[in-house]
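**Q** Each chain is listed here by its residues.
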Amino acid sequence: MTILLDPTSERAVAKRTLVARPSSLKGKVVGLLDISKPRGDVFLDRIAERLADDGATALRFAKPTYTKPAPVDLRQELAAKCDVLIEALAD
Amino acid sequence: MPAPAEKPSLPDGLVAVVKRDCPTCALIEPVLRQLKSAGRRLTVYTQDDPTFPSGLDVVDDRELEVSWHHAVETVPTLMRVESGAEVERTVGWNRKDWEALTGVGNLGTTLPAHRPGCGSLSVHPDNADALGVRFSGSKLKSRRIELASLEDEVESLFERGWTDGLPGVPPTEGRVLRMLEGTARSPDEVVAVAPPDLIAVTVEKVAINAVMAGCKPEYLPVVLAAVEAACTDEFNMHGVLATTMPVGPIVVVNGPIRRAIGMNTGVNVLGQGNRAGLTIGRALQLVIRNVGGGRPGEVDRATHGSPGKLSFCFAEDEEGSPWEPLSAQRGFTSGVSTVTLFAGEGTRCVIDQHSRKPESLASSFAVSLRAVHHPKLALGFDAILVVGPEHARVFREAGWTKARVLEEIDARLQLPGGDLVRGANGIEEGMPEHFLSDTLPKFRPGGLLLIHAGGSAGLFSEIIGGWVSGAGGSQPTTKEVRP
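Heads up: the protein sequence lines correspond to chains C and U, in order. Note that the working numbering has the first sequence beginning at 1, numbered continuously upward. Note that the working numbering has the second sequence beginning at 1, numbered continuously upward.
Read the hints as simulated data drawn from the structure, not as lab findings. Computed from a predicted model, the values in this text were never measured in an experiment. For every residue, glycine included, the Cβ atom is placed at its ideal position computed from N, Cα and C. The reader is advised that the hints may include incorrect statements.
[Claimed, not checked] Just the calculated beta-carbon pair ranges, DEER-fashion:
(1) L85/C x H304/U: 55 to 65 Å
(2) L78/C x R422/U: 51 to 61 Å
(3) L166/U x L78/C: 46 to 56 Å
(4) L89/C x P125/U: 43 to 53 Å
(5) H304/U x R11/C: 26 to 36 Å
(6) A148/U x D53/C: 32 to 42 Å
[Said to hold, decoys possible] Just a sample of chain C residues kept apart from chain U, beta carbon distances all over 12 Å, derived:
(7) R11
(8) A12
(9) L25
(10) D45
(11) E49
(12) L51
(13) D53
(14) G55
(15) L59
(16) R60
(17) E77
[What the hints assert, rightly or not] Capping the alpha-carbon separation at 16 Å, the derived lysine to aspartate or glutamate pairs in EDC-like fashion look like this:
(18) K139/U x D6/C
(19) K63/C x E49/C
(20) K141/U x E10/C
(21) K141/U x D6/C
(22) K26/C x D53/C
Given the sequences, and given the hints that come with them, work out the whole structure.
**A** Quick look at the structure:
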């Protein structure tokens, strides 16, 4: 574990803040990211149905493998296409 | 954050620090027993094996806390302690010294009179950093940032926005403590108030950024002086940062520190390849970026910028110069190390391979310098002229002093208003019309700085144009480099 000393004025928080939670999913694009663990798709299929009922558009994505972080291209695609992301950690 | 580590006190009497792994310590084992039988109050700290030395009560210092706090560098170390304070110390084995310190005669008479000791485990390279963090890390006040196990250390600096676009050295506690050994100043001492956010920047924050820039500890005093100079009202780092012009802080180093830290003054003096120059200039810019909050596209509004805004720091070749150094021109005596900050752009070469008369070369300099920022603009900008050794030789052989060269250049840069005013020569840029019948000097008095540097071959010099000069802009600013 590496510990670094903050080189800044420390006026900014060290952790990244979450994006504000939308008040409604109606009309939003929701990314469903399957991390490629077994049966994650079962969970996400059901979530996709629920989202359709709420008027949201669901887009499906999958990581190549659950053992590694999502590749940069995939992260950029998610950031570009989605308003909201749901990640399935099924097993 | 490590817990504050108090310096453990030593018991009164004699105190010895030993390790079994040291042959000299093994040699003097009977001497320690002899001191005890002589009735001396003796406390023995052992660094590696609590059963050594045998026959004595031993204090286990395998954690090296006593050894580290009491700056034990050699074992055996023998100290005399009175009222909790060390009053005398000897290292290694020297019969006369041990007898004098203990007041006990005939010590170790069968032993050789003298044997050097071994290195203390508390200063062993494998241990020193970790011990420093453990026992003195609490003097560092900066926020600790714990990286996740999958985070790459170098990438993490980019992700947090801490670098200038080049990789940096991760500022771990061990590295920062080592950097701080480069200065006698306290980590919490405030060096300056850094623009644009007007943050009090401490020695510690400068050290962290110096680590990231790749500095060695011995460069730190130069970085500190550069930060001090940059953050003055006269240098006006805020304006230099915020301007749309392509300028940044240029650091010129004079005095003995140049050679002490291995700065380049010769071949490729303004180019790549010298760690000291490049990392000092970079450290200053990282302080402005990270502590001051001055980042490109935010307060830094440069239209083009310049590669020198990553780092632009060089040293004058004083030994080979026909003239007094820049620091003398700036009012400092020789032997004093200084940094001079100049708000400048990139470099522009003056080629003159034919002038052998000083008048001719001064004229070449003058026509070239006239073009600084625009040939029709006068009095607005300072400049540095870095005179190469082969050009300087022309003046040396003619006996021209630095003052004479500056006068001769100035005399050739008295520009008729008719050539400068807006619209003259079909160019709309220029000086306001009311200067039409005046004669204007290109530079304000003192606005041209001569510095001697460069490789020994090449009839070239370099012009560095400045930013808005004078009290309304930036003025060259010199500070002494203090330990």
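**Q** For every hint, state whether the structure bears it out.
**A** Consistency of the hints with the structure:
no.: 1; hint: L85/C x H304/U: 55 to 65 Å; result: violated (39 Å)
no.: 2; hint: L78/C x R422/U: 51 to 61 Å; result: holds (55 Å)
no.: 3; hint: L166/U x L78/C: 46 to 56 Å; result: violated (29 Å)
no.: 4; hint: L89/C x P125/U: 43 to 53 Å; result: holds (44 Å)
no.: 5; hint: H304/U x R11/C: 26 to 36 Å; result: holds (29 Å)
no.: 6; hint: A148/U x D53/C: 32 to 42 Å; result: holds (37 Å)
no.: 7; hint: R11; result: violated (7 Å)
no.: 8; hint: A12; result: violated (9 Å)
no.: 9; hint: L25; result: holds (29 Å)
no.: 10; hint: D45; result: holds (29 Å)
no.: 11; hint: E49; result: holds (34 Å)
no.: 12; hint: L51; result: holds (30 Å)
no.: 13; hint: D53; result: holds (37 Å)
no.: 14; hint: G55; result: holds (35 Å)
no.: 15; hint: L59; result: holds (26 Å)
no.: 16; hint: R60; result: holds (25 Å)
no.: 17; hint: E77; result: holds (19 Å)
no.: 18; hint: K139/U x D6/C; result: holds (14 Å)
no.: 19; hint: K63/C x E49/C; result: violated (21 Å)
no.: 20; hint: K141/U x E10/C; result: holds (11 Å)
no.: 21; hint: K141/U x D6/C; result: holds (10 Å)
no.: 22; hint: K26/C x D53/C; result: holds (9 Å)
Going through the hint list in order, the structure does not satisfy hints 1, 3, 7, 8 and 19.
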